Amino acid sequence: MTRFFRLLRKDLQASLLPLGFLSGITLIVMLFTRVRIATGSWPMETALAAVSLPLVFMPLWLLWQSFQTLRVEWREDTVYTLLVLPVPGWKVMLAKLAAVCIEYSVLLGVTVFGTLIFFAPQVQLAMEVLPGSLWAVRNGILVYLFSLAMLASVVIFVQLAFVVSRMVGRAQGLVALWTLFLSSWLVDLCGSLLAPLFRWLPALSLDKLFRLYEIEAGIVVNWRLASEIGSWLGILGLFVLTGVLFEHFVEVNG
Amino acid sequence: MKTRRITLIVLILLTVLFIVDVRYFGSRSLKEPSVDFNISPGFRQPEAHKSQEFVRPQHDITSLYLKGRHGVVELSSAEGDEIRVQAIIWSDREEVLEVVEVKESISGRELSYELSSDLEGEEVGLGFVVEVPDGMEVTVEHQFGTVRVEDFLGFLNLDTRFANVNLNDVEGTLTIKNSFGNLNLQRIAGPLQLTNAYSTCTVELLPVDGGYDFDIEVVNGSLKHNAGFQVNIGGNNRVGAQGKWGEGVHPVHIRSNFGSVVVNIDK
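Chain order of the listed sequences is A and B. Under my numbering, think of the first position of the first sequence as 24, with each following residue one higher. Under my numbering, think of the first position of the second sequence as 94, with each following residue one higher.
Isolated chain A, as found in the complex (with noise of 0.2 Å):
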C-alpha cells in the first residue's frame, strides 16, 4: 500500500499548481460576482451563473486531467520508470483515478465553501425551498458520492483510450477517441446482457433514498440495478484491462 501512496502523492503533487490555480479562480469570479451583485450592476440571478460555471467546467477540466496524467508520463518517459517498479499496473491506475478523485473534491468543495461565503443570502432563500438544512447536507453527500462514482467510471474510459491509442502508431487521438466510444458501448452492452442474472434484485427506491417525500409526496423514482450491475461489472473489467494493457507496454515498444 506504501507504493500505492507514493504514487498517488506523486500525482496530486503534479496536479497541485493546477489545482489551485482553479479554485482561486473559482474563488474570485465568485467574489466578484458577490461584489457587482452588492453594488446592484449584475443581477442577483448572476449568483447562480457563478456557481453553475466551476460546476460545469469541472468535469470537461477532471476529464483532460485524467488524459494529461498518462500523457505526462509517456512524455517525460517516466512511464518506464513506472513499469519498473515492483506495482502493479491496475495499482499505478488506480493511483491516477484517486488523485483525479480527489481534485474532483477538492475543487467541488471549493466551490461550495465559495458559494456558503459570497451568497449566503441567495443559499438562505434556497433553503426555504429545502425542508431543512440537515436534509440538504445529508443529499448533498448523497449526490456528491454518486457524481464521483460517475466521474470515476468516466476516467477508467479515458485511462483504456489513452493506453490502446500509445499501442498504434499513427493516428492515436482518432484511436483514443474511438475507443472510448466502443468501450462506452461495450460496457452498456455487458449492462443488457448480463442484466437476466440480476433480475431478482429489488429496484432501489431514490425517493426514499433521497427522503424526497419531504419535498413533495407523491414522488416515485425507482431504480432497477439489474442492467446497471452489469455496466458496473463491465467497467471493472476494462480498468482491469487498462492495467494488463500498461504493464505490457514495454512488450509493445520492446
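Calculated from the structure, these hints are not laboratory results. A hint or two may mislead.
[Unchecked claim] The list that follows gives simulated cross-link-like pairs (lysine to aspartate or glutamate, EDC-like), each with its CA atoms no further than 20 Å apart:
| no. | chain 1 | residue 1 | chain 2 | residue 2 |
| --- | --- | --- | --- | --- |
| 1 | B | Lys95 | A | Glu270 |
| 2 | B | Lys160 | A | Glu239 |
| 3 | A | Lys231 | B | Asp185 |
| 4 | B | Lys160 | A | Glu237 |
| 5 | B | Lys270 | A | Glu237 |
[Said to hold, decoys possible] Taking CB as the label site, the calculated pair distances span:
| no. | chain 1 | residue 1 | chain 2 | residue 2 | range |
| --- | --- | --- | --- | --- | --- |
| 6 | A | Leu76 | B | Phe111 | 31 to 41 Å |
| 7 | A | Trp246 | B | Phe111 | 23 to 33 Å |
| 8 | B | Ala171 | A | Ile164 | 48 to 58 Å |
| 9 | A | Ile164 | B | Arg116 | 38 to 48 Å |
| 10 | B | Thr108 | A | Val263 | 19 to 29 Å |
| 11 | A | Ile164 | B | Arg202 | 38 to 48 Å |
| 12 | A | Gly47 | B | Val103 | 40 to 50 Å |
| 13 | B | Arg116 | A | Leu139 | 50 to 60 Å |
| 14 | B | Val103 | A | Leu76 | 36 to 46 Å |
| 15 | B | Ile199 | A | Glu237 | 24 to 34 Å |
| 16 | A | Ile164 | B | Lys95 | 39 to 49 Å |
| 17 | A | Ala72 | B | Phe118 | 42 to 52 Å |
| 18 | B | Asn325 | A | Ser64 | 14 to 24 Å |
Everything numeric in this text was worked out from a predicted model, so none of it was measured. Beta carbons are placed, not taken as given, at the ideal position from N, Cα and C, and that holds for glycine.
Using the hints, position chain B against chain A.
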C-alpha cells in the same frame, strides 16, 4: 509486438461487433430505462380516509395550533364558547389509517392537533374543519393543499408552503409566512405581517379606523398598490415602499422574495 497485435485485433473485432449490433440489433440500444420516475403531486383523491371530531369548551384556552398537510383547512369564527375541530385523515392505504390518528394535546393555554406519527415515506394527508370562538389566537401550519379562512375574528398565524391560501372577511391581527403557493387575502381589517417567497400575493384591505402604516419590501418581484404610498426602486432588484394611509395606526409589514405583491385598499 504480440500484445499490440492482440489489442488491435480485439479493437477491430469490437468495431465489427458494434456495426453488427447497430445494423441488426438496433433496438437493443433502445432498452427500457433503468430509472422509473413518476410524480403525482398535490392533493389527489384519497383511497381511504377517516375523520375524528373534537369539541371542547374554551375555558382557559386562548390559542389553537393546527398542523396539517395536503387536504383542506377551513377555519372560521363562530358564536358560542366551543372549539370544534373536525380532522380528516387520508391515505392511499387502509392499513396506514389504522395506525395513524390525530393527537390532541394541551400545553398551558394552547390546544393543538397534529398527526400522532410522521410515517416517513407514506402519503398521509391531514385537513381540518375548525370553528373557534371570537378573539382566539389560531396558528395553522400547512403544506400542500388549501387553507381557507372565512369570517374570522381574532389572531391568526399562518405558516404555509405549497398551499393555496384564501382569506375572506378576516378581522384581527395576521401573521403569515408563505412560500410556493398563491395567497389571496380579501376584506382584511387589522395589522398584517406577511413574509412571502416564490408566490403571488394579493391583499385587499378594508378601510379601518386608525388607518394603516405600510412598510413593504419586494426583492426580485413586482409591487402594485392603490394605497397612495411612494414606491422606491432600489438596487439588487429591490422595491421598497413606506407610507401611511389615514392615521397609520395598524402596521402592514410585507417582505417578499421572488414573487409579486398587490396591495389595495377597498376605498
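Hints and how they fare:
Annotation: proposed proximity of lysine 95 of chain B to glutamate 270 of chain A holds, straight-line Cα distance about 13 Å (limit 20 Å). Between the alpha carbons of lysine 160 of chain B and glutamate 239 of chain A the distance comes to roughly 16 Å, so the proposed pair stays at or under 20 Å and holds. Restraint check for lysine 231 of chain A and aspartate 185 of chain B: satisfied, since their Cα atoms lie roughly 17 Å apart, inside the 20 Å limit. For the suggested pair lysine 160 of chain B and glutamate 237 of chain A, the alpha carbons sit about 15 Å apart, so the restraint of at most 20 Å is met.
For the suggested pair lysine 270 of chain B and glutamate 237 of chain A, the alpha carbons sit about 19 Å apart, so the restraint of at most 20 Å is met. Range check, leucine 76 of chain A to phenylalanine 111 of chain B: Cβ separation about 36 Å, and the 31 to 41 Å hint holds. Hint check: tryptophan 246 of chain A to phenylalanine 111 of chain B, Cβ distance near 27 Å, so the stated range 23 to 33 Å holds. A hinted range of 48 to 58 Å holds for the C-beta pair alanine 171 of chain B and isoleucine 164 of chain A, which are about 50 Å apart.
Range check, isoleucine 164 of chain A to arginine 116 of chain B: about 44 Å between beta-carbon atoms, so the 38 to 48 Å window is met. Range check, threonine 108 of chain B to valine 263 of chain A: about 21 Å between beta-carbon atoms, so the 19 to 29 Å window is met. The hinted range of 38 to 48 Å is satisfied by isoleucine 164 of chain A and arginine 202 of chain B, whose Cβ atoms lie roughly 43 Å apart. A beta carbon spacing of about 44 Å between glycine 47 of chain A and valine 103 of chain B agrees with the range 40 to 50 Å that was offered as a hint.
The hinted range of 50 to 60 Å is satisfied by arginine 116 of chain B and leucine 139 of chain A, whose Cβ atoms lie roughly 52 Å apart. Hint check: valine 103 of chain B to leucine 76 of chain A, Cβ distance near 40 Å, so the stated range 36 to 46 Å holds. At roughly 28 Å, the beta carbons of isoleucine 199 of chain B and glutamate 237 of chain A sit within the given window of 24 to 34 Å. At roughly 47 Å, the beta carbons of isoleucine 164 of chain A and lysine 95 of chain B sit within the given window of 39 to 49 Å.
Taking 42 to 52 Å as the suggested C-beta distance range, the pair alanine 72 of chain A and phenylalanine 118 of chain B conforms, at roughly 43 Å. Restraint check, asparagine 325 of chain B to serine 64 of chain A: a C-beta distance of roughly 19 Å satisfies the suggested window 14 to 24 Å.
Figure legend: structure checked against the earlier numbered hints; every hint is met.
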